[in-house]
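> The lines below spell out each chain.
Number of protein chains: 2
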Amino acid sequence: MAAAATIAIVGGGALGGYYGARLAQAGFDVHFLLRSDYDAVRANGLEIHSVAGDFSIPASRARVYRSVADMPKADLVIVALKTTANDQFGPLIAPLLKDDTAILTLQNGLGNEETLARLFGAQRILGGVCFVCINRLKPGVIAHTAHGLIRMGEAFSARVERVEQIAAWFNQSGVPCQTLADLRHGRWEKLLWNIPFNGLCTIMDLTTDLILARPAGVELVRRIMEEVRMAAKATGVTLDGSLVEANIRRTFEMGAYAPSMQIDRRAGRPMEIEAIFGVPLEQARSQGQEAPWLVKLYEMLRVIG
Amino acid sequence: MAAAATIAIVGGGALGGYYGARLAQAGFDVHFLLRSDYDAVRANGLEIHSVAGDFSIPASRARVYRSVADMPKADLVIVALKTTANDQFGPLIAPLLKDDTAILTLQNGLGNEETLARLFGAQRILGGVCFVCINRLKPGVIAHTAHGLIRMGEAFSARVERVEQIAAWFNQSGVPCQTLADLRHGRWEKLLWNIPFNGLCTIMDLTTDLILARPAGVELVRRIMEEVRMAAKATGVTLDGSLVEANIRRTFEMGAYAPSMQIDRRAGRPMEIEAIFGVPLEQARSQGQEAPWLVKLYEMLRVIG
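In order, the protein sequence lines correspond to chains Y and V.
Sequential numbering from -8 applies to the first sequence in our numbering.
Sequential numbering from -8 applies to the second sequence in our numbering.
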């Protein structure tokens, strides 16, 4: 992949819009596949209200497409779809691929890399774990309220050149980006937070501060996190025990925070239950590891979402 | 206890108000201990809007008290407190007792009879399981929207005269009342519904119809009910397997129903977590019976309430 790489962003929500806009602003050749935001971005460009300084990609420079058939082949496809749309991988991604196109999924949870690998070949696939607070204010307008770090790695290979190249592009674009020697460790590390807080906040419709308001809630979070550690361990990923208290402390500092899945529930949108709960549970079970809280959070979420 | 028995109602919410008003309307000598509704009932009496026909107890005939010290000793004390106020049993009930005063608790869940027995002697205690839809519209005004049946029994004795006498008084007052040979069977039979639906509806803030809207929800309710059956069995109570499907069918027919605990959560009022979840769980565990769903519902409710 050359520095003049062609980058396709598949998934036009806040995530794809934000990171794509950062890359485009830095001068990369970024092509956005959009659905509901197409008309707005075509007319007015992409507008980012960011804690790091507002910026916009004017309509004249925003390369947006309603159909993937109209897009150029890409050197890098960034997948920013919600995992609930993973059944669209085939039609949305296949037309973008050349022999050496890399696919980087920035999606939540587990299983996305495997699904992409089955469809398009394992050698193409990278994954990134995003730590960013963004939301779409209206079509074409995204608020970036905190953080932004991506930790990314090869999904099925130990080679380092490609991921370091892509990470460098992000870093050049003002997106702090680290490379992971073990992507699965990064995924499980994020699940350590996502499983208890997306689970409990969504099921009970309570923000994080209310989950932690009583000792019973803190203890419950701690127990679920320990269970996630055991599940990760069964699949070969060792999460340091200190991460539990560090994550709880960090969540206290976040105040009244509504995780993405809780926001999805409130808005009546599909929730990423399989990627964050179903696949991790299945992976633990396939190693003979029971996960009593994980299974119950999963089953309750399936009643809601 | 004579037909001219003196009846004290302790707990002035919808439950005590409704059943007390029925008994008073039938001519029984009923004395109400009230707190927040005292002024309203003293001024305007008790007003019942009932599916079975409206009626009222005029202020001139309503015997209401703000302090238990002013009340006469009773032949029958009907306990209609929320179980979250059970720590008030001593001061609220002791002053009403003669040697042969009977105490009938109409409260939800398990453990109330035992607590009353420890304080006042097992020989006094009866329990009633209420199937009634009532709510307090404003002080002194109660809506009775469906049902009304009480199934009651001696808590710690096989004698039948006393419970038949009290049941007869209710039946004479227009309250359908059956006697139970085994009160604990009646309590667990109600828990078979209360545990899954109070639990899931309250935790997820979904009415019963939404819990049952997907196969995953029906299956979850079924599994929790089977777990309640196992818990009951461990404590010596056999609930017929057919009750599971019968309860699910009946709940479908109820439409969009919000169980009392869900209403309490929405209103920010104390929830009866111990009586409906904590004590049943403790009883099952004391017999070596695990109850994985019951414990998790309990722990999640303790985060909320």
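Take the hints with a grain of salt, since some may be wrong.
Result set (BS3-like, lysine-lysine): computed pairs, CA atoms no more than 30 Å apart in a straight line [claimed, not checked]: (1) 181(V) - 224(Y); (2) 287(Y) - 224(V); (3) 129(Y) - 89(Y); (4) 287(Y) - 64(V); (5) 89(V) - 287(Y); (6) 181(Y) - 287(V).
These aren't lab readings, by the way, just hints derived from the structure by calculation.
> For the pair we were handed, residue 181(Y) and residue 287(V), check the Cα-Cα distance against 30 Å.
23 Å, holds
> Regarding the pair residue 287(Y) and residue 224(V), is the alpha-carbon distance no greater than 30 Å?
23 Å, holds
> Taking 30 Å as the top limit, are the C-alpha atoms of residue 181(V) and residue 224(Y) close enough?
42 Å, violated
> Please verify whether residue 129(Y) and residue 89(Y) have alpha carbons no more than 30 Å apart.
34 Å, violated
> Verify the proposed pairing of residue 89(V) with residue 287(Y), using a straight-line Cα cut of 30 Å.
50 Å, violated
> Is residue 287(Y) close enough to residue 64(V), meaning Cα to Cα at most 30 Å?
50 Å, violated
Figure legend: structure checked against the earlier numbered hints; hints not met, in rising order: 1, 3, 4, 5.
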